[in-house]
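Colleague: Sequence:
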Amino acid sequence: MRLPRTPLTLVLAAALTLSPVPAVAVAPPSGLDALVGLSAERLATAEAVAAAKWHTGAPVEDPAREEAVLESAREQAARSATDPERAATVVRDQIEAHKTVQHALHARWTVLPGRAPAEEPDLGEVRPALDRITLDR
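Mapping of the sequence shown onto mature numbering (1 follows the signal peptide of the UniProt record, and there is no 0): residues -25 to -1, 1 to 112, in sequence order.
Careful, some of the hints might be misleading.
Claimed, not checked - In silico DMTMM-like cross-links for lysine to aspartate or glutamate, where the CA-CA straight-line distance does not exceed 25 Å: (1) 28 - 71; (2) 28 - 97; (3) 74 - 37; (4) 74 - 95; (5) 74 - 106; (6) 28 - 41; (7) 74 - 41.
To be verified - Beta-carbon label-pair distances, calculated as ranges: (8) 61 - 12: 33 to 43 Å; (9) 91 - 50: 32 to 42 Å; (10) 5 - 90: 12 to 22 Å; (11) 42 - 103: 17 to 27 Å; (12) 78 - 54: 31 to 41 Å; (13) 5 - 89: 37 to 47 Å; (14) 43 - 89: 32 to 42 Å.
Please keep in mind that the hints were generated in silico from the structure rather than gathered at the bench. Since we're looking at a predicted model, the values are computed, not measured. A virtual CB, placed ideally from N, CA and C, is assigned to each residue, including glycine.
Construct the entire structure; sequences and hints are all you get.
Modeller: Listed below in structure tokens is the structure:
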């Protein structure tokens, strides 16, 4: 089938072909996108925390710090009309995931000491990043 080649058809075809494609509006991240992003960002710090604890011999578990973080999450949740215990459960799960990564790295470094980090990260620099990810948003 042959399309008619009238001047109007040719002008419209050229206009459609040569016109820039309109920009697609990008929606802001959804709550799930934000949660997934923060979870990934938090887990990305696990290796530095594990390395710092490896070098100092500190245990992976730090019950006092964990409870302080959970209490802070509860307080922040209450201020933002979110169920404090639900927020604490989410943060607790993040802490447990972080500790799982740390335990796995410590086990690996025990078996393969040559793979252990040579430098000791400063927890004083890593923990504020964790606090920002966990509590400041």
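Colleague: For each hint, tell me whether it holds in the structure or not.
Modeller: Here's how the hints hold up against the structure:
A C-alpha spacing of about 16 Å is found between residue 28 and residue 71, which places the hinted pair at or below 25 Å, so the restraint holds. Among the hinted pairs, residue 28 with residue 97 is consistent with the structure: their alpha-carbon atoms are about 10 Å apart, no more than 25 Å. As the CA atoms of residue 74 and residue 37 are separated by approximately 10 Å, the hinted pair is consistent with the 25 Å bound. Our distance criterion of 25 Å between C-alpha atoms is met by residue 74 and residue 95, whose separation comes to about 18 Å.
Simply put, residue 74 and residue 106 have alpha-carbon atoms about 15 Å apart, close enough for the 25 Å limit, and the pair holds. Between residue 28 and residue 41 the CA atoms are separated by roughly 15 Å; this keeps the pair inside 25 Å, and the hint holds. Restraint check for residue 74 and residue 41: satisfied, since their Cα atoms lie roughly 11 Å apart, inside the 25 Å limit. The hinted range of 33 to 43 Å is not satisfied by residue 61 and residue 12, whose Cβ atoms lie roughly 20 Å apart.
Between residue 91 and residue 50 the Cβ separation comes to about 37 Å, which falls inside the hinted range of 32 to 42 Å. The hinted window of 12 to 22 Å between residue 5 and residue 90 is violated, with their beta carbons roughly 38 Å apart. Distance hint check for residue 42 and residue 103: the Cβ-Cβ separation is about 18 Å, which falls inside the suggested range of 17 to 27 Å. Against the hinted window of 31 to 41 Å, the Cβ-Cβ separation of residue 78 and residue 54 comes to about 33 Å, which satisfies the hint.
With their beta carbons about 43 Å apart, residue 5 and residue 89 fall inside the hinted range of 37 to 47 Å. In this structure, residue 43 and residue 89 meet the distance hint of 32 to 42 Å, their C-beta atoms being roughly 36 Å apart.
Consistency with the previously given hints fails for numbers 8, 10, ordered from lowest to highest.
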